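Could you slot chain B onto chain A? The hints should help.
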Amino acid sequence: MNETASNAVEVTNAAKVFNPGTTRQVDALVDIDLVVAPGEFVSLIGPSGCGKSTLLRLIANLIEPSTGDVRVNGKAAAMARLDQEYGMAFQQAGLFDWRNVVKNVELPLELKGWDKAQRRERAMEMLQLVKLGDFADHRPWQLSGGMQQRVAIARALAAHPPLLLMDEPFGALDEMTREHMQAELLRICAETATSVVFVTHSIPEAVYLSERVVVMSPRPGRITSIIDVDLGDRRDTDTREDAGFFKKVTEVREALRGHEVDDLELARGVDDR
Amino acid sequence: MSVRRVVWAVWPPVVFGVVFLFLWEQAVEVFDWKPYFLPKPTAIWDAFTGNVDQIWSAARVSGANALIGLVVGTVLGVAVAFLLMRFRILNDMLTPLAIALNAIPIFVLVAVFNNMFAITSEIPRRLMVTLVVYFIVLVNVAKGLRQVEATHLELLRSYAATPSQILAKARVPNAVPFLFQALTIAAPAAVITAFVAEYFGGSQNGLGTRITSNMTANTAAAWAYVLGACLLGLVFYLISMALESITTHHRGVSPGGGTTS
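Protein chains in written order, with our numbering: chain A, 1 to 273; chain B, 1001 to 1261.
Hint data in this document are derived by calculation from the structure and do not stem from the laboratory. All values derive from a computational prediction rather than experimental measurement. Mixed in with the good hints, there may be bad ones.
[Unchecked claim] Think about it this way: if two alpha-carbon atoms lie no more than 20 Å apart in a straight line, the pair counts; the simulated SDA-like pairs of lysine to any residue are:
| hint | chain 1 | residue 1 | chain 2 | residue 2 |
| --- | --- | --- | --- | --- |
| 1 | A | Lys75 | B | Ala1161 |
| 2 | A | Lys103 | B | Asp1046 |
| 3 | A | Lys103 | A | Ala117 |
| 4 | A | Lys112 | B | Leu1153 |
Isolated chain A (complex conformation) (with noise of 0.2 Å):
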């Protein structure tokens, strides 16, 4: 076993084009190189169109790539979806209706064929990971929200998975809501030592959780920079408040706006001619 030595992520000289050959040709990702390493956190920011969901996916292995190699946790990606080497959490919690709270965190248990008692106690276990252990038995709309995508959560972690894929999971949630759950994130990570791929377009968000900060931009979507964050391990509210955190998030934004400018200018060299 060299599950230790393994990157999490690998990412190798890859890009996807959609609709090649044809006037609807898109470069949705060139030259993109990224490794997380086992147990960090990255996310990925830039503008819509830039191909951070499209990279997320790529990793996935729910599209593939048009060239280069995407590796999960030491497996090529197909043989790591295969193997559910990685847990998904989109913007929508995504639960099922027709199922209860604990049943939804034991699907991807079900699918790999556990039986019954022990997906039962991995999903209750779970649950009391998010703090809903109360809420087994309740439907997946009687929650609040922050409450469905915590259990989302609980469910991408369910098969302990050494990584965690996040599409923007909280996006559709108010300030407030989002703020804990991100700390709530933080704490489960380092409990559970996953590794977080995490699509996000908040700066302070990528800021406060993340170890690097990577960040893209449109047309074609490629990796522009990647920002170092070193806020230590022990975030909090007051981290929020920091100085070190506003000069990181102030980075990242010149990062954004950088590119910003580049595309004015390509927008205007259009123009022109």
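What follows is chain B alone, placed relative to chain A:
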């Protein structure tokens, strides 16, 4: 549900019904309408209680036609919806045909069916009901099987679920409320179709034929059969509603507007 809520839900239609019947009764008196024009509610009620055996036997004939057509049409509709789900090519082949079938006034088919089977046979009527129900169920169940949330599909793919697991875990449960909503449309339609199909000839044994055959000679009796037809339709509707409310497990919201094809 509290008694109070039941009372509040029930009294407006009851009061309306009583007032309506009273005004009807009075109007026939005051304007001296002849019985062939419009009989009194009391006369209709007398005809109903006096002919209750014949009405019941006619209702059994029409009701059996409606029920058999409803069951067969539902089974066929569900089965074909699954086939269309499984084999996209079938969908492409059959959709134009379904549109073409929908474009013809569908009841003329009873005449065709009557020609195909013995005139005393109930089969043409049942076929007609089957066809009407089949389309309603097919369209709605196919929609329920297809319109699965994109997030659910991505999730299941991320769990490496096989197509049959996706069917079992997402598509079928998603389609169940669509099916029962379709039935609340199909059940009354089945009864109406069963009545109307009787007007295209065949045995004079159902509620539909009894309404026409009594209309000239004994208008009150004809209206008594109309009342019987109403009750039969109501029974079908209430049963389908009850089934729907049992199976609609989520938030009491029914799936995106059911369509009669």
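Now the hints, each set against the structure:
1. Lys75(A) x Ala1161(B): Holds. Lys75(A) to Ala1161(B) sits at ~19 Å (cutoff 20 Å).
2. Lys103(A) x Asp1046(B): 58 Å, violated
3. Lys103(A) x Ala117(A): This hinted pair holds, its Cα atoms lying about 12 Å apart.
4. Lys112(A) x Leu1153(B): 17 Å, holds
Against the hints set out earlier in the document, a violation occurs for number 2 only.
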